[in-house]
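**Q** Place chain B on chain A using the hints.
Just so you know, the sequences run in chain order A and B. Every number in the working numbering is 103 more than the matching position in the first sequence, counting from 1. Every number in the working numbering is 61 more than the matching position in the second sequence, counting from 1.
Keep in mind that the hints were calculated from the coordinates and are not lab data. Misleading hints may appear alongside valid ones.
Claimed, not checked - Over the 12 Å line for every Cβ pair with chain A, so calculated as not near, a few chain B residues:
no., residue
1, V187
2, S192
3, P237
4, G240
5, N255
6, R295
7, T297
8, K302
Claimed, not checked - One side only, chain B facing chain A, incomplete, derived with CB under 7 Å:
no., residue
9, Q201
10, Q318
11, G332
12, T333
Predicted, not measured: the structure shown is a model, and the values here were computed from it. Built from N, CA and C at the ideal position, the CB exists for glycine as well.
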Amino acid sequence: MAALSPAAAVPRRGGVARTDDAAAVVVRGLSAGYLSLIVLLPLAALLWTSTRGGIGAVWQTITIPTVLGALELTVGVSAIVVIINAVFGTLIAWVLVRDSFRGKSAVNALIDLPFALPTIVAGLTLLALYGPSSPVHVNVAYTRMGIALALLFVTLPFVTRAVQPVLIALDRDMEEAAAVLGAGSLAIFRRIVLPNLGPALLAGAGLSFARALGEFGAVTLIAGNNPLRGTQVMSLVIFGDIQGYQFSSAAALSFILLALSLAVLLVFGRLSRALSGHHDR
Amino acid sequence: MSIHAAAYREPVKGLRNTYSTDTKKLYMLTLMRQMTASHHKKNDGRPAQERTAEARNPARSEIVRYVIQATGFAVALAVAAFPSLTTARTAHSGGTLNIVTYSTPGPVYSGPLAAAFAKTKAGKHVSLSVSPGPSDSQSQAVANGQPADVVNFSYAPNIQTLVGKHLVPKSWDRNPYHGNVTDSVVAFGVRQRNPKHIKNWSDLLKKGIQVLTPNPQASGGAKWNLLAAYGAQRETRRSKKQAVGYLKKLFKHVSVQDTSASHELNTFLNGTGDVMIGYEDDIMEAQQKMPGKIKLVVPKQSLLIENPISWTLKPAAHNARLAKKFVSFLYSKRAQTIWAKAFYWPVVKSVARHHHFPRPKKLFNIRQLGGWPKLDPEFFGPNGIVTKIEQGG
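So here's chain A without its partners, still in its complex pose (with noise of 0.2 Å):
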């Protein structure tokens, strides 16, 4: 779980690695290499295949009707996701790290089964689950709210194994003087604990946003693909044209969701800084 725990919650270390240090040089050469090998250079090929035909023509796809629905759709039903993930999972951890009752150590690892779990399979368990012969007479496969639904799923652990490392390490002296000096439980609530989850908060949320963002398979099974009716993804166009051989199309779409995915990361994270950096103060 350590590359999930955000940064803003790593202490900060002064003076990391002297240059002049032979095995320093060699151990960042070698993470940089692996960097660019794996993420770097298939990062690269994609802006290079979806910016060949030039910006206007990535401009064009974006403004195409059915692709500026999908787009609408897909920051729309994240944002809601996001939130209401943020709220549940910050609850989750509250109760994880603060109650304590019998299976507790079951529920805490039940909460990365979403990430264990290959997304189809979850994509298609919701659809058994929510879809026409649902055994609990649910019924929101194809529907939006099956979309929303499939990526509550996906990004549930997310905002959680932020929170609760942070809450963990979180001093209860702070609670119980504010407690002494006659705060309620919703002040102490929002002016101790709260400000001192915001960083790792918005760090887990900034990693639910980007995620849904681009989630495909679970989505998949369970979103109507219907552009007529707002049931159509991003990565639902990607794929699709993919398939019809539109690879510059495809490629365009999925330049416009990295960026936004990476708009999300760097947004959440200098948020979660500046929120971790004023509260130092």
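**A** Chain B alone, transformed into the frame defined by chain A:
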């Protein structure tokens, strides 16, 4: 802790006698970036600075050695895995034929057709390597260099793409069968006992009827469906404008637009929709495999589906002769019978005579509607009729 311990164990084996236990511990601590003074005090009570200075060099060179070992291991692993990444399948003694096909015939090729071909003189010891997938992307994959000796697509434009790239002979359709290996017809799949009484195209527009057809942007099958709907209107003497109007109304009844015909069939079998438009062979197969789940209805007017085939000009394993022999085998009585048993209409008349398929009263083909080269851009191009409808225009 366990991860660090494992990383630490490996390189230490070799230097069990070279360094003290303390050095090993220090190495691990370096890895974890936790060389804190308090820790050393706990270990042996000596001042931290002294210990650190003494241990830094062996510990650091240890990291370098570890990194080199790990890199070596990774490279060795990559080299070992490389052949399995690049070569799909080892060649059989009689050679391998690479068959790239659209989704549905995949099992027919790798099952009964492969067995029957092996029994012929030409096909002895030949193994078939079958790659099924969505027709459009399969065609593009071959254009981009996927090995293919024989290609079988769901509609002709996919072959035409390869003709343009000089991968398929220009004369591919110059045989008695217009280059098609199988036929079928656009039909409806409805619920058992047809509770909504769907018999014809006009019934799809009845109030409350939910229709399934794949997204035409992603699926070649959807193109057949929509052109059948359009053509049926033209066949019943409606004007072009009226026929386009029919398509507009039809789209209002489409609830789900799956990314492929097989996805669509699944959606329908799982309980969504009153009617799905699709290939007759797909629906008949589902009818047989899942009795009671779906019922075939053939409308009065419908479009003949023609699935083109060709051997390629740049065969993967330089076995053009074998590829040609395989294609002519597919037109043999035995192979055409196998197709018929898989619910495809045989194109060879002498075989077709023995197999009766539900047929529409009025059957028209794509050439009568204007042919693919004209229809594909007119309906599905960037400014095409269907594209505009999908955009809400």
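**Q** Decide, hint by hint, whether the structure agrees.
**A** Hint check results:
1. V187: Holds, since 30 Å exceeds 12 Å.
2. S192: holds (15 Å)
3. P237: holds (30 Å)
4. G240: Fine: 20 Å to the nearest Cβ keeps G240 of chain B off the interface.
5. N255: Correct as stated: the minimum Cβ-Cβ distance to chain A is 18 Å, above 12 Å.
6. R295: holds (23 Å)
7. T297: Fine: 25 Å to the nearest Cβ keeps T297 of chain B off the interface.
8. K302: Check passes; 20 Å lies beyond 12 Å.
9. Q201: holds (4 Å)
10. Q318: This hint holds: Q318 of chain B lies near chain A, its Cβ roughly 5 Å from the closest one there, short of 7 Å.
11. G332: holds (3 Å)
12. T333: holds (5 Å)
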